[in-house]
Every structure is written in C-alpha cells, then in structure tokens.
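Asker: Here the protein sequences line up with chains S and E, keeping their order. The first sequence begins at 1 in full-length UniProt numbering and counts up by one. The second sequence begins at 1 in full-length UniProt numbering and counts up by one.
Think of the hints as simulated: they come from the structure by calculation, not from any bench.
Stretch-level coverage of chain E by chain S, calculated; a stretch enters the list once three of its residues show a Cβ under 8 Å from a Cβ in chain S:
id, region
1, 307 to 315
2, 338 to 347
3, 402 to 414
4, 424 to 430
5, 435 to 449
Now the in silico label distances, taken between C-beta atoms and shown as ranges:
id, chain 1, residue 1, chain 2, residue 2, range
6, S, G82, E, L396, 32 to 38 Å
7, E, R397, S, E93, 46 to 52 Å
8, E, H362, S, T334, 29 to 35 Å
9, S, R183, E, L215, 33 to 39 Å
10, S, P130, E, R397, 53 to 59 Å
11, S, G380, E, E76, 16 to 22 Å
12, E, H362, S, R367, 45 to 51 Å
13, E, R367, S, E93, 52 to 58 Å
14, S, T334, E, H47, 55 to 61 Å
15, E, E213, S, G216, 43 to 49 Å
16, E, E213, S, T464, 54 to 60 Å
17, S, G216, E, E107, 56 to 62 Å
18, E, R79, S, G216, 47 to 53 Å
19, E, R31, S, D210, 29 to 35 Å
Note that CB positions come from ideal geometry on N, CA and C, so glycine has one too.
Given next are the chains, with one letter for each unit.
2 protein chains.
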Amino acid sequence: MSMSHGNRTKERLVVVGGDAAGMSAASRARRLKGPDELEIIAFERGHFSSFSACGIPYWVGGDVADRDQLIARSPEEHRARGIDLRMRTEVTELDVDGRRVRSRDLESGAEEWTPYDKLVIATGARPVRPPLPGIDAPGVHGVQTLDDGQALLDTLSRTEGRRAVVIGAGYIGVEMAEAMINRGYEVTVVNRGTEPMATLDPDMGRLVHDAMEGLGITMVNDAEVTKILTGEGGRVRAVVTEDAEYPADVVVLGIGVRPETALAEAAGLPLGTHRGLLTDLAMRVRGHEDIWAGGDCVEVLDLVSGSERHIALGTHANKHGQVIGSNVAGGYATFPGVVGTAVSKVCDLEIARTGLREKDAHRAGLRFESVTIEATSRAGYYPDADPMTVKMLAELRTGRLLGVQIVGGEGAGKRVDIAAVALTAGMTVEQMTSLDLGYAPPFSPVWDPILVAARQAVSALRRTTP
Amino acid sequence: MSMSHGNRTKERLVVVGGDAAGMSAASRARRLKGPDELEIIAFERGHFSSFSACGIPYWVGGDVADRDQLIARSPEEHRARGIDLRMRTEVTELDVDGRRVRSRDLESGAEEWTPYDKLVIATGARPVRPPLPGIDAPGVHGVQTLDDGQALLDTLSRTEGRRAVVIGAGYIGVEMAEAMINRGYEVTVVNRGTEPMATLDPDMGRLVHDAMEGLGITMVNDAEVTKILTGEGGRVRAVVTEDAEYPADVVVLGIGVRPETALAEAAGLPLGTHRGLLTDLAMRVRGHEDIWAGGDCVEVLDLVSGSERHIALGTHANKHGQVIGSNVAGGYATFPGVVGTAVSKVCDLEIARTGLREKDAHRAGLRFESVTIEATSRAGYYPDADPMTVKMLAELRTGRLLGVQIVGGEGAGKRVDIAAVALTAGMTVEQMTSLDLGYAPPFSPVWDPILVAARQAVSALRRTTP
Chain S
1 MSMSHGNRTK ERLVVVGGDA AGMSAASRAR RLKGPDELEI IAFERGHFSS FSACGIPYWV
61 GGDVADRDQL IARSPEEHRA RGIDLRMRTE VTELDVDGRR VRSRDLESGA EEWTPYDKLV
121 IATGARPVRP PLPGIDAPGV HGVQTLDDGQ ALLDTLSRTE GRRAVVIGAG YIGVEMAEAM
181 INRGYEVTVV NRGTEPMATL DPDMGRLVHD AMEGLGITMV NDAEVTKILT GEGGRVRAVV
241 TEDAEYPADV VVLGIGVRPE TALAEAAGLP LGTHRGLLTD LAMRVRGHED IWAGGDCVEV
301 LDLVSGSERH IALGTHANKH GQVIGSNVAG GYATFPGVVG TAVSKVCDLE IARTGLREKD
361 AHRAGLRFES VTIEATSRAG YYPDADPMTV KMLAELRTGR LLGVQIVGGE GAGKRVDIAA
421 VALTAGMTVE QMTSLDLGYA PPFSPVWDPI LVAARQAVSA LRRTTP
Chain E
1 MSMSHGNRTK ERLVVVGGDA AGMSAASRAR RLKGPDELEI IAFERGHFSS FSACGIPYWV
61 GGDVADRDQL IARSPEEHRA RGIDLRMRTE VTELDVDGRR VRSRDLESGA EEWTPYDKLV
121 IATGARPVRP PLPGIDAPGV HGVQTLDDGQ ALLDTLSRTE GRRAVVIGAG YIGVEMAEAM
181 INRGYEVTVV NRGTEPMATL DPDMGRLVHD AMEGLGITMV NDAEVTKILT GEGGRVRAVV
241 TEDAEYPADV VVLGIGVRPE TALAEAAGLP LGTHRGLLTD LAMRVRGHED IWAGGDCVEV
301 LDLVSGSERH IALGTHANKH GQVIGSNVAG GYATFPGVVG TAVSKVCDLE IARTGLREKD
361 AHRAGLRFES VTIEATSRAG YYPDADPMTV KMLAELRTGR LLGVQIVGGE GAGKRVDIAA
421 VALTAGMTVE QMTSLDLGYA PPFSPVWDPI LVAARQAVSA LRRTTP
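Produce the complete structure using the sequences and hints provided.
Answerer: Printed below as a string of structure tokens:
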C-alpha cells in the first residue's frame, strides 16, 4: 500500500538498502525529524538489517559465538523508532523522473510503486563471483552476508574433511584463512597476485606471506583459478589453477566486491570508473537535488591522490549514513573523503595501511622516496616487544607524507592512525619527526616506529633532493 | 688535561650531562662532523650514560630482568664513537663570558677548567624531595637514576616486611605502585591531590583511583605528608600525614621532578616560570649564540595554550638532542613544541592524555565544551573488548580540539596519538568526525572511540554556540 504522492502532507524519504549506510541515514534523519514531519520507508531484500559484515570471519572462526551479536539493530528495533523497514523486499526499479521506486515482496511476489520526495541509495556491494565451472557447487561459499556465514557454518558442521581452500588473499581472504585455521582446518590460500594483501606493496605483502606460512597456511601466489571440481553429490572436491589442483572439502571466496549499482545505472545516475555512484561532498548523487547515495555502492574521494576510489568498509558506510541523514533532514554535513586506511590481522600478525602504495603514487603522477624500517611496538627491553616493519612514502620536493604500511605484532596495526591523521592534515615527514606521540616503555620505544620511519624518510628525501 | 683555547685548530663542543638529551646531541653532532672537524667532550656526574629512567619502574617491578637492558649506550660505546665522555665528573660552574666550564672529578676531587666553542646544557631534572623529618632515612627511595633503582632493589631484598607506601600519585607514583604490587607488597599511595594522576582532570583521575583500589592498592587522597617516622636502626617505620599514620617497611618517592638549573642560573642564563632554561625553536638558549639546552632542564612551548611548560620525558629529551646535534654541527633543525602527550598504565589499566585539561584551558583564557563518552577498544562483539572512557575538550566558536584524556583497557592508551596529531594540525572536532581511522572488529568498533567523542563534542558545541 502506498499513499498517492499528491495527497501527502508530509515529506517521504525512501531508503533502498537496509544495512549500515541506509539505516544510519534513516536513523539520523529520524532523530532530527519526527514522524509528523518525515515519513521514512526503507527496503531491504535480505533477512537482516544493520549487521556487521566485517564481523563474519570472527563468527565463522568462533571468536564471536552468536550471529545475533553481529546485528547492530534489528528490523523490529528500527520499526519501533518510526522507520517503516520492509524486509525481504527488493527494489527493482528507480523511476527518477517520476520520483518513485518499484519494489517486489520476495515472499509473495507482489509488486508496487512507492513515491518519494527524497531518495537514499544504499544498495551496497556484491561479491565478485567469477563465472568459473563449479563455482555454484555445494561447499563453495562467499562471506558477504549473514546468510552466507550461516550457510558456510552449516557446511562446516556437515563436512568431515578438513581441507579448506580460500580463493583470494585480500582482507576477507586472510581473515577467512585465520577463521578456518581456528576451526582446525588445513588451509590453502590461492592468490592471483604476486603476494597476499594487494592493498600493500609486494615487499610488505611478502612479510604477510611469510607469517601466514609460519601459521601453517599454504600460500599459492600468481595463481589463476580456472575451475572448481566437484565429486560425490555434486559437492566441491578441488580447486584447479593453470598449474595445479588443490583438494578441498570447502572453498571460501574472498575475492572482493564491486559496487551494486545496476539499479542506479538503469536509472541513468552517474557512475565512476569503478562503477560506483558519484556524489558530491554532501553525499548527494551528482546532478540530482533529492537523491543521496552512500556506503559500498559509491566511490569516494581519495584525499591523497585526488582521484576517486571504491572502498567497501563499514566505517565509511556509517559515516556516509550520518552525513546523508543530516542533509536529508535539512541539516548540513559533508564527507570530505578518505585517505585509504585499513587494518586487519591474521592470528597475531597485524597488517595496516593508509594513503598511497608505490603503484598508486606512480599512477597519480607523484614522485617519491620510500623507506622501510624495523622497530618494536614497545621499548626493546620491555616484555613482549614485538617486531614491526613500517614502510613510508614521502613526496619529493614538498616532503608531504604519501602513505604508510605496517606489518607487525601486537600494537603495530592501530599506529596507522597516526599516519592517517597526518595525511588528512597534509603534513610533511619533517613535521612528523617532531610529533608528540605517547611514550612509555609498555607502549612504545622512546622513538615511536612512526617517528623512526619519518626520520628515515627525511634523510632519504635530503639525499635525493638536497 | 685540556688544551688551551687559543691553540686549538678545530672546534670543541662541550656537553654537560651524559643522558638522553646530551648524548643524543653529541652522537648526532658526531655523525655529522668527524673527529677532525669537531672535538666532543661530555661530562656526567653519575655512573651511567644514556639510560632509560622511564624503564626503572619495570625493572623494580620485575618486568625487566637486568639493569643493563635500560642502558641504551654505555660510556665505552660513546667513547668508541669518538666522544670523550668523562663519567663521575661534575660540572660545577659555567663561565659563559670566558667560554669555559669548571669540572670536578668526583673520585679524585681534582678540578679543572675546560674551554668550549659550543656548549650544550643537558643537566636534566632533580626529584622533588620535600624537607620532611625522616626523608633521608634508610628505606626511603627515589627512583630517578639507575643507582636509585638499585638501592631500592637492595632494600627490597633485605626487607622482611611487605608494606610499601608510595608518596605521590603521578606517573612515577602509579607506575611504582604497580611495581610494588608485582613484587608482592601491600601498597598504599599517599596523594596530595584530590585524585591520582593530576595530569588528568579529577573526574578522569577518579577512574584511575577506582581501578587502583580494584587492584588492592589503598589510595589516600588529599593527604599532605608531614613526616616519616623511623624505628629500629633508624630505618623507616611509617609515613605520617595530618590525619593518619601509614606503617611502611619501604617508602617510594614519586613526587615528580624540577629542572636542574642551578648552574645555568648562576651563569645568568634565562629561566622561565617553571625554573627551566628558555630556548628558541632551534633549542639555543635565548640570547646566547653558542649555547644550546635540551631535555629535562628546559621549558618547552605548549602548542595548544601557547605558553611554556616543563615536561620531563625521555622522548622529548631525545628529540631535543637530535635537533641540538644537527644545529651544533652546522645543520638546521627545530623542535616546534609539544602538545603534552603522555601515556601510562597500572597493571591492565591504560591512562593517556594530550593537550589541555579543564584547568589548563581556563588558565589559558579559553572557553570550551567538554564531553565524556564510554566505548570499547574493539567491536563490542569481539572477545576482550575492554571498556574505555574518553574525555574531549573543544574550544567554543572555533571548534578547535583542545585536549583528550583516556582511561581504559588494552588498546585504549595509544589512541591518544590520534588526538596528538590532530592537536598538532590544529584540527577542529568537526574535522575529526570524518577522520579515516583504521577499522576492523579486533581493533575498533565501527566508530572509533575518538570519533564518538568528536561527534559528541560537535553536538555539545552546537548546543552552546548555535
């Protein structure tokens, strides 16, 4: 049922997508405007709203006991706050000129049109599923949604064999490798790139590679999967590359995601080179006064290179939602962009990056020096001072920090935040050498590893451009 | 033996004080200029060079097994690098007009004058030892030097009783309380202030208080020590305040330090309101072309309030030394100032601060809003997500960040670095709300606690100054 557009006395906001960006936007708008001023209808095709996809590897790995812990706010909770959230209802068309969306109830098959005054597109991303023979076989699992996670857990509980192959070695791939190790599996990671974690430069990826092998994970790099073999009952049996065959009782796809923008594209909305929606800084779809978009379906401005990127990450989606919710409700907020910070871990190894890799800097036309230093996360004499490696890039002539990559033990990863703030502020590595960072032996050597790297970068720049 | 000034063909640098600032300066200068160009003579009255005073509580507490681990570079190592380091030799007079220093060999009593072309003053700080009856009794210990630490350890090994009283509840006091707990002592901390950790606002200090009591430490606040009672053999027996008497088998003084500037004052060099030497940004003593000073004997510019402070901290001393060494050797470097970052821990409780407390902001004439938020160090659903409290101050109208205080579990403390960089960059809390900080469930909730505090600060400012 939808009221006819002309008869409505209050504004109606329609939200497409009931996860982080969409429901943050809806919730923020609701806090700013009550149900008397603003009607909010949200459509979600899945079974869950506002869940932490980033938490799925830890649920599968057993660190998080219960699926429901990953749900930040249930559909009932949203409804209790005055948001008409319609679950299992897929939006199948955006009629931008007519200011309405068409939706289908996935249970009943019923379709209807819903008019809007303001529209938020938060359709998220979809996992890359290469069209390989056998990719849809039982025992092959993505891990994007809670349903995916549950299906994988069901498979694990039914499967006797203990051989897992993870395809892909980015964040999801390495986190799922850890999860399967924690579940007691023999794990092989099959990776297309020269080293795992292509979000790092290969020299830093090599450190991750070595550490993963040290954990008993078999790492296969430079390997293109050509097909997935099935056996008894059509179930997965092996993963085949150009060079070899890897027996598998379960296969996890960790290949990454692409913006889910088919609806937006069909409606003629502007997409970027990564196929994500393009917005202005207020997260409004470019050229469209009353349409906003956020989360995994948009491209974001990279503040270091000045170009657009696609980054699927819950923390950005939440920020987008806040900004959209404020603007939709007549307030003012912006999302200025990202510097590309990410942090992850494989067992005790922490991996972090922010800013540009060498490849990114080259692509952006920047010339730079790069330094790599070894240090410890605490004072060397303090117990459990773990080694950490920091790579730092700085631009020639300006001396501006361009990026930092970190691989190391406990306490290494979140140090990337120091560099993230410095990048945001446009600091030079010279300025960074005198940063007043927290020092005490249990927390840091007297020169924090980030300061050591900055000092080396200053020296390197001085040698190159005296 | 010293060459007469007029006959020297190369420059001579004289360094007064053989610890972090002095020996960093000497080492940096030596790297930039070889022995043929620059002669370096350094005087140290103690038995050790370049040691980590910050590590002493962990040595006393048993986390660090061996004293020598706290020595970054021994006198022999310095000498092998071409620095004429004279141990147990106290400088007793600075003759600024005559460009020479008088020193006394503490073993032989022999005195001599040593001319200099360039002088570095790095005389450090001395512990506050109030002139209380009994303060010099056996069993009462400071913990500033390695000799102090050894003397305390000797006392502990000889003492049967297990009651320790720590006087003072700043960094040294709380770290020594932890050390004595780790040694199996019953610990009472007697504190002059209303709460421990006067470098925090009292509301945050209260959290430290509660946590310390939770560790079984007896906390006595608002208590002025009036005398120390001695018993058998003149040894310490109890600490007496205006209101009570606390039995003690050992007493640790953790009252803080003052700049050691008697020599500099006698020489007519400029001191600030905290009795520290005043320097320019190149760490040159104001008004003196060829005299530099750094480390615990100088005052530093607080970049947030714009006024001078005295902060005795190894990480600053090392930076000062690097800057001085570069400048002495004809290079160029500056130390722009501090934002007042510090981090510490008591057992599993992490304590950190940067920027201004409420009191500092009032004193600096700043009007501000203050918010305090509760969060967790990791995603709430992730194992070992420890609670953390963040207090944030932001200036009215400009919205500029003024300070952050953190008390919480593992992973809480070093987050202060995010705020330290933001303060250095002069960021507003609004700008901070979109910082691209590292997010993954084992490292942070989807909104990092610093972001949560920044958002609350923005809301608070909006309410006050719409």
